[in-house]
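So the protein sequences, as listed, match chains A and B.
The first sequence begins at 1 in the numbering used here and counts up by one.
The second sequence begins at 1001 in the numbering used here and counts up by one.
Since the hints were derived computationally from the structure, they do not count as laboratory data.
Keep in mind that this is a model prediction, so the values were computed, not measured.
Ideal Cβ placement from N, Cα and C applies to all residues, glycine included.
Possibly wrong hints are sitting among the right ones.
Stated by the list, open to error - Here are the simulated distance ranges between beta carbons:
| hint | chain 1 | residue 1 | chain 2 | residue 2 | range |
| --- | --- | --- | --- | --- | --- |
| 1 | A | Gly322 | B | Ile1118 | 40 to 48 Å |
| 2 | A | Gly147 | B | Gly1242 | 57 to 65 Å |
| 3 | A | Asn140 | B | Leu1249 | 31 to 39 Å |
| 4 | B | Phe1171 | A | Gln348 | 39 to 47 Å |
| 5 | B | Arg1034 | A | Asp27 | 55 to 63 Å |
| 6 | B | Ile1118 | A | Gly38 | 37 to 45 Å |
| 7 | A | Ser101 | B | Tyr1190 | 48 to 56 Å |
| 8 | A | Gln359 | B | Phe1114 | 41 to 49 Å |
| 9 | B | Leu1249 | A | Lys393 | 55 to 63 Å |
| 10 | B | Asp1127 | A | Lys63 | 25 to 33 Å |
| 11 | B | Trp1008 | A | Arg339 | 55 to 63 Å |
Residues per chain are reported as follows:
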Amino acid sequence: MKKLTFLFFIMSIILLSAPRSSLAEDDLQQMIDALHDGDTLELEDKTYEGNIIIKKSIELIGKKGTVIRGDESGNVISIEAPHVKIRNMTVSGSSMNRNSSEEYAGIKIYSNHNVIDSVTIKHSFHGIYLSQAHHNRIENSHITGLGKGEIANQGNGLHIYYANDNILQNNVIKGSRDGMFFDYANRNEILYNSISETRYGLHYMYSDDNVFEGNTFTMNTGGAAIMHSNGIKLEQNEFIFNYGHKSFGLLLLSSRDTLIQNNTFFLNQRGLYIDQATGSLVKNNRIIKNQVGIELWASSNEQIFTLNEINENTIPVASLGGEGRNSWSENGIGNNWGRSFPMIDLDQDGIGDEEVRYQSSLHQLIEDQELVYLFLQSPAIAVYEKLNQFLHKEKTMFTDPYPLVTKHERKQASLILIGVLAISSGLYIYRRYKKRLL
Amino acid sequence: MHYIWKEWKENIKGKGLWLAFALIILVSISLLFRSSALSFDQGFYIHLINLFDAFVYFIPILCLFLGAFSLFQEKEQKTLIMLLTRGERFTGFLCKKSVAIQSVLLGPTALWFFLYLIPLKFYFQIDGAAYLAFLFTITSLILVFTQLGVFVGSISRSRMQIVGFVIAIWFYFFFLHDFLLLSWLSNVTYDNVKLFSSFYFLNPLQAARIYLESAFGVYSFEHMSKLLQSFMWLKPSLFLIGNVVLGILFSFGAGVVFQRKEGSQ
Chain A
1 MKKLTFLFFI MSIILLSAPR SSLAEDDLQQ MIDALHDGDT LELEDKTYEG
51 NIIIKKSIEL IGKKGTVIRG DESGNVISIE APHVKIRNMT VSGSSMNRNS
101 SEEYAGIKIY SNHNVIDSVT IKHSFHGIYL SQAHHNRIEN SHITGLGKGE
151 IANQGNGLHI YYANDNILQN NVIKGSRDGM FFDYANRNEI LYNSISETRY
201 GLHYMYSDDN VFEGNTFTMN TGGAAIMHSN GIKLEQNEFI FNYGHKSFGL
251 LLLSSRDTLI QNNTFFLNQR GLYIDQATGS LVKNNRIIKN QVGIELWASS
301 NEQIFTLNEI NENTIPVASL GGEGRNSWSE NGIGNNWGRS FPMIDLDQDG
351 IGDEEVRYQS SLHQLIEDQE LVYLFLQSPA IAVYEKLNQF LHKEKTMFTD
401 PYPLVTKHER KQASLILIGV LAISSGLYIY RRYKKRLL
Chain B
1001 MHYIWKEWKE NIKGKGLWLA FALIILVSIS LLFRSSALSF DQGFYIHLIN
1051 LFDAFVYFIP ILCLFLGAFS LFQEKEQKTL IMLLTRGERF TGFLCKKSVA
1101 IQSVLLGPTA LWFFLYLIPL KFYFQIDGAA YLAFLFTITS LILVFTQLGV
1151 FVGSISRSRM QIVGFVIAIW FYFFFLHDFL LLSWLSNVTY DNVKLFSSFY
1201 FLNPLQAARI YLESAFGVYS FEHMSKLLQS FMWLKPSLFL IGNVVLGILF
1251 SFGAGVVFQR KEGSQ
């Protein structure tokens, strides 16, 4: 009996002294639970085991090597209290389960007025998830997804769901399903974020009155897709190199009153793709070197295009599905169509003396056959267009009654005018000189 | 090795090879200056695609001319007849000559693009795998079009014939091939898309472009429609390798079968 008691005593000591995986988790959770509202917890340069739930208004500050690692069973950090601040740490290891009733994230926020600053998120289904959370600030954070081969198996970089009045700024998102996903989220400000190698850089549904400024969308299947939303402002964003088959810089679908101003659309398969949208103002953008500058479906009406530079695109504008009611100028000011449409401006008012009309025969092929996008870089496109021009198979894609003349073109026209005047004067002097001799 | 050395010595005396290298170097450098404003991260890919787009305009026709004139020179200088009377078979000669021309073209090109990495490193974040894919693409174009040039040199009797054949081949691949496919495009269905795809990828320019863009990850073939999935029934790299192998074998075989040993000015 003594021996048995001794053995039991030894086994108990061994079991109690053996490190348990949940010990560290308890530690961090216990440390957090021991804090009071307004307290700050400075974490060490080491890995803490999650998952954790924050129910008090506290601040967590990490160091360069601070990691909170989840057990891959749920959210790594759940924030349920308002006014929580999390700074300088790496969060990884949320559940990747797609069949559960809840979608998990590295950080999931259920409350208002929180700040997430300089946090790196890896190996998580969603990066940061705002669920009915308002007035939060997510900034300077890096969210890395699983990469392009795993798009279907993961969530979004920032998932904003029924969340209003948040500020998302200076974040870098790479390789997630969608960079930022908005669903029923209004009046948010999305500023200076960089999103690359995702499916849609921005996926946007049923969300109104949001502002997007200074964001960069590169190498995504689609740059930004704005759907079923009203009153969106897009200013100074860059949509670059969204280049895949049928990719786009910006898609407007069933949206109203969108302001698209001072943005750059460069090297996309389609710069702007507008379908069933109404009342957009597309102003002062640079739409350059895309395969199709603007793809405009007839279901879209009352768009205004003014002051844009639409230059060096294989097809500047493809109007598809019939004639829509859209305007290529506003208050007598059209767009700059670049060197593809040479024009003269004899009265020097900066507006071309004749309207610019672009006709193309490719519209039917684009409507009927998706494989046509494989040919848009081929020099044969020019031959195809020319031949169809002779066969009168073309259709007008746009008419800009007040095209802008660039300074370079104006200078060129002036030089031509000076040249013509010089030659005429020379001829006149020569003839008079000849007459005198006779 | 003897053939390669002879080819090198003959080519450095002429203007064609220097013109080709000068163009490649000039275009690479001028595009680098133009691309210097691109972003550090993604600018590398944009620059290489711009470079490819520029090379497509002159590498095929230069390689066609260089291959054709190099072989034709053997006829003009009667060295071909001399070699054949010594017992060398035409197939053997064409094989050695092809290897020699390809080596003379590819060697310095590879050297240039190795050196080109140095200025690239200052401007962009280098992706080694993407750069190798770019080199493979350029190498493929040089291989196919030089071999086609050798074929033209083998079947031509005069320099005028060479000019005619080369322009015809260049026009076909640059314009006509895609134009024919564009005319066929409205009748492409799920049933015949594989056939269409086979013809599409017979054009080395298209096979090279699709390979390059997919290797860079900028042209994504994820979430494809059923039609596009059938269109891409092989990996882009296999389409390009198939194109190069077929192109070289066809050019070589046709060069042997339709050879004309005599040439005139």
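Using the Cβ atoms, figure out if B/Trp1008 sits within 55 to 63 Å of A/Arg339. Check failed, 43 Å falls outside 55 to 63 Å.
Do the Cβ positions of A/Gly322 and B/Ile1118 conform to the proposed distance bound of 40 to 48 Å? violated, 54 Å
Between B/Phe1171 and A/Gln348, does the C-beta distance stay in 39 to 47 Å? With Cβ atoms ~43 Å apart, the hint holds.
Note whether the CB distance of A/Ser101 and B/Tyr1190 lies within 48 to 56 Å or breaks it. violated, 39 Å
Please check whether B/Ile1118 and A/Gly38 have a Cβ separation lying inside 37 to 45 Å. violated, 56 Å
Is 31 to 39 Å a correct range for the gap between the Cβ atoms of A/Asn140 and B/Leu1249? violated, 57 Å
I want to verify a distance hint. Is the separation of the beta carbons of A/Gln359 and B/Phe1114 within 41 to 49 Å? holds, 47 Å
B/Arg1034 paired with A/Asp27, Cβ distance criterion 55 to 63 Å: holds, 57 Å
Tell me if the beta carbons of B/Leu1249 and A/Lys393 are separated by a distance inside 55 to 63 Å. violated, 40 Å
Falls inside 57 to 65 Å, the C-beta gap from A/Gly147 to B/Gly1242? Violated, at about 28 Å.
Outcome of range test on Cβ distance (B/Asp1127, A/Lys63; 25 to 33 Å): Distance hint for B/Asp1127, A/Lys63 holds at roughly 32 Å.
Going through the hint list in order, the structure does not satisfy hints 1, 2, 3, 6, 7, 9 and 11.
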